[in-house]
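Visitor: Chains as they are written, first to last, in the working numbering: chain Z, 1 to 339; chain E, 1 to 322.
Treat the hints as calculated values from the structure; they're not laboratory data.
Mixed in with the good hints, there may be bad ones.
Stated by the list, open to error - With the Cβ distance kept under 8 Å, some of the chain Z side facing chain E (calculated, not the full set): (1) F37; (2) Y115; (3) G154; (4) Q177.
Being a predicted model, the structure only gives us computed values, none of them experimental.
Yeah, the Cβ is synthetic: ideal placement off N, Cα and C, and Gly gets one too.
Residue strings, one per chain:
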Amino acid sequence: MSQAEPEISQDAQRVITYAEAGVEALQEEMRRDPSIFYIGQGIGPRGGNFQQSRGLWAEFGGDRVRDTPIAERAQAGLGVGAALAGSHPVVDIVFLDFVLEAICEIIQQASTIHYISDGKFKVPLVIRAAGGGVRSTGPHHSHTFYSFFMHIPGLKVALPSTPYDVKGLMKTALRDQNPVVFIDHKGLYGVKGPVPKEEYLIPFGKAAIKRTGEHVTIVALSQMVHRALQAATLLEKQGISAEVIDPRTLAPFDSETILTSVAKTGRLVIVDEAYAACGVSAEIAAIVATQALYDLDSPIHRICALPAPHAFSPSLDNYLIPSVDRIVSEVARVAKDRS
Amino acid sequence: MVKPSKELVLSLYRGMVEIREFEMKAREIFRSGKMPGFIHVYIGEEAIATGICAQLRKDDYVASTHRGHGHAIAKGISARSSMAELMGAIDGCSGGRGGTMHLYEPEVGFLGSNGVVPPGILIATGAALSAKVRKSDQVAVAFFGDGAVNNGAFHEGLNFAATWNLPVIYVCENNLYATEMPFEQATKNTDVASRAAAYKIPGYQVDGNNVLEVYERAGEAVARARRGEGPTLLECRTYRWFGHHEGDAGTSYRAKEEIAKWRELDPVRRLRDKALADSLVTAEEFAQVDRDVEKVINDAAEYALKSPQPDVSTALDHVFSN
Ligand SMILES: Cc1ncc(C[n+]2csc(CCOP(=O)(O)OP(=O)(O)O)c2C)c(N)n1
Ligand SMILES: [Mg+2]
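Just chain E, same shape as in the assembly (with noise of 0.2 Å):
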């Protein structure tokens, strides 16, 4: 790997530390009562969102997941707007109609998280279809988890995109559980980078713990779909801290030598002692985006809070546009 600049450590570091305190923020507010819903959160996968957003220009495309707060931030959407949307508060990215698993913004090119689990691939596949066909240079990503790529619209996503040399870039976040269920049970081949092979497009796996490696192959992906030379599939493995869902613990399915393995691959600390032990960065510098990312996110979530819910007589608007 080549060594990284002390700007771009910052930059990832400053990415996760973000996602990770809104999702801690966003946690405390739902534990409060006050949130609406149930949320997912992304608490140990940051490195991903992270380090592949930091290859897309503001103008390429983004669909992603349940699980997708991360992926919105990562892609632009700020503190502000996401948390008021997981508050289906009117200030949210999505006016409060969509909340947590439903983030839109147009202006940053974010098409949406998902409530259902693979349709993110078929749209990320759509919208590099259309950059083809529009003849521009814009590439799209897909995030997705280990339960996707065992349903059919994996399948025909990557066929797709391979036959016609779409500029996209799908990124299996294998946490290794789709609910309950450890990804061995859900399929026989649990290489995921190997299924490339079967549409004749590069797979890698890539340690999803570390940003500066995913950062690196995202890197080489989206150079290859800019250059028109067809999708890339990235198998990222990492392991959410916490339950699917806030309210299931996560620990009646996973064992606790399992969830502390994994804890001590946190991709904040890793990042971090690396670039100290370097000493690329110092801890006062870190310290420092620790304190701004503090200030962005408790002005996020008193923004959220205070913002007011729709109003009723809006709630059969945008059911068509004109």
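Isolated chain Z (complex conformation) (with noise of 0.2 Å):
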């Protein structure tokens, strides 16, 4: 069932960006577990390219928290190996695409062993990376790579894109004794929201039901889960009433708040950032066909990244990823579709 969002007062709250509500999960369950270290680029002094590791250095000093050279494949295999000796490394890729670097150790290594040593080994492992695209980051710097780790049996993933679920998850994904492939967004380290004091931890596989609706349910990802919220305001000026759903675990997957939701409103649009094809949109779509297709009102209709390499020119970019009106336009279109 879905988790719902915590009442936010907003002068009660405290409110903070992406990148420091990352920040405080690693700070406080570092200062709880000393098994956990933090490995990447640019991660120690500098603070990473994002600021997502801000201050870490400089608490938990140069043996806990590591600039590595450029090597994503040992970073991850490391991690591996540091897990399977009793720690609880966490790998920061800084960029999704170069999980591609790395990706034999994650998918071949960690996700297998705990199975294959017949529950004898753990694999306490982060490999933390942001997806996505910001400002031109172009095409080997923007990739949203996450269907093929949802693929996987073994791994979990986890998919903030809110302040407070980055808190909330990450601390989750530092209490768990499984690989989990954490992936924030470049564009929303910048984005701000409320995060409590006080402690908390998010489930993995809780859905967050970030807005209820009536006539279309619109399950976004990561920074989509953003321009659905927008794209839902502006539709009910024009009387449509949007639920949005953001599943914030893609492993473990909260198939039941998705499927209640469509019962209720009959119809179901995903959106996601990253390329229809074999993607996490076409997970959601067949969950929904397979279990609930005669609760559809309308064919399930995907708005995701046009298939072509991510151009640099702002005007390609923006046209490549599903924008706000795109989505005002196409979710319209669902809701009205009395075929």
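Using the hints, build the complex out of the two chains.
Guide: Quick look at the structure:
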């Protein structure tokens, strides 16, 4: 079942950025658990390309917060070995694109060892990286690779869209005894939101209903949650009430919240910054089509990145990635479909 | 080289014979058609795993390869649970879920053999990093073949360990071939030990068929790692007597004379002959070890052949841990 958003009274709540929320989670957990250490490129004194580790090096020192050479495969492989030896490493790959350099260690080693060792070894390892594009990061720094992690048994995948979610999910990741691929969004690090001072954790496998609605269910991922919410506000003016769901984790995946919503609205649109083919959007469509086809009043619709490499030019880049306008017009079409 | 004690000679001898007899038995069972999968045996190379692991503590780590039965046994996984694993049976060290290339045992720090050529290098390096961060004096050993040293993971791993002074011993088992590919066709610089210079760490070429030499070099490397002085690369020159895996005769790409020459360098016989010539150990004492090991291996085979296959109701167990 979905987890309701916390009651947020703006003045009682602290507002911090997505990057700061991630840092807070790491600080709290690293203070609590000495087995956690953090490695990656530029994550030490510099605090990370996106300030995603700011302050950790100063507090925990170079033993537990280590800048690495440019060797993603070894970063991930060392993470696996350290996890087997009793540590709980966080390996920050920084740009999700470069997870490709490390993918064999994550998929062939990290995800399999608990199973093939008959449960004898655990691999408590967080692979952290930031996906998506921001300000023309171009074809090699803008990818949205998560579908293939969702594909793999033995991996958990977290995909936070708000500061509140980053903090709660990161804390959970750092207490999980499995490999967790934790995917931030580059475009969200500066986004602010309420984050309580009191400790909280967000369990994996609980979607968040970010907005309730009656006519159409929009399942949106990562940064697209924000665009879907903006679209929903505009759609309201057209008399269309959209429910916006953020799965928050891809594995485990909360199908129930989506199925319950679709049973109510009868319509499903999925918004994903990744490509459509074999993507998470395809999986969500398959879940609903196989389990709730007769709840649907119109065909499932997907709004995804258009199938081309990420262009540098802002005009092309903005065209390729789902925009608020595109979401508004395509959701309106689905909502009005009486076929 | 310092003169070895009788106890040491007998224990290294026993270690090598146990691996050899284990592998001979595994081949026999494989040929009978009862063993699933395909196995890569370690016969001819026993001195390396034996000499290195004899210098390790139980809580030190080993990461291994596709040719990993010898490493597993030398690090302390029993012949019974190793053989049962080769059978895919529930009494195997990995409950039958891993098989020949995926033996695991946390009790003895065995971080797995591996179906992929180079990741053991990284896993051992990571275990060493963990030991360092935890301020423990454990060390880690990565065993890998000549085939791994031309892969990027070798460079990434050694560079990391050198830069961070990690307690790892990199043991390259250079048996001159990676499947049918001769090492000199895979690289210009066939002197693996010399590659250590690229990372400013010590590198030594060792006669991998001389268990006492391996043992001595390993002792230095392990002590150095334990003192916090960083990694060492040991290139152990050796040879596999048989094909790459059972089913490959290993004769289409290797000359008969070459195979014969290396068989003459049998590490088991060399140790035995030397100790007999030095009157350190008697023939009867060696024969007693042979008889003991034969019992252990026959018992392991019987045990493994009787052990049931995992029940399908467990097929989805252990995908995630709690
Ligand atoms: C990354 C990767 N590529 C290819 C293979 C297939 N393969 C298995 S063993 C092997 C040869 C390895 O040779 P070497 O490292 O010298 O070890 P040896 O078999 O000689 O002991 C190959 C190519 C593999 N397991 N992993
Ligand atoms: Mg080889």
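Visitor: Are the hints correct? Go through all of them and say.
Guide: Now the hints, each set against the structure:
1. F37: holds, 5 Å
2. Y115: Holds: closest Cβ of chain E sits about 5 Å from Y115 of chain Z, inside 8 Å.
3. G154: Holds: closest Cβ of chain E sits about 5 Å from G154 of chain Z, inside 8 Å.
4. Q177: Nearest chain E Cβ about 5 Å off; hint holds.
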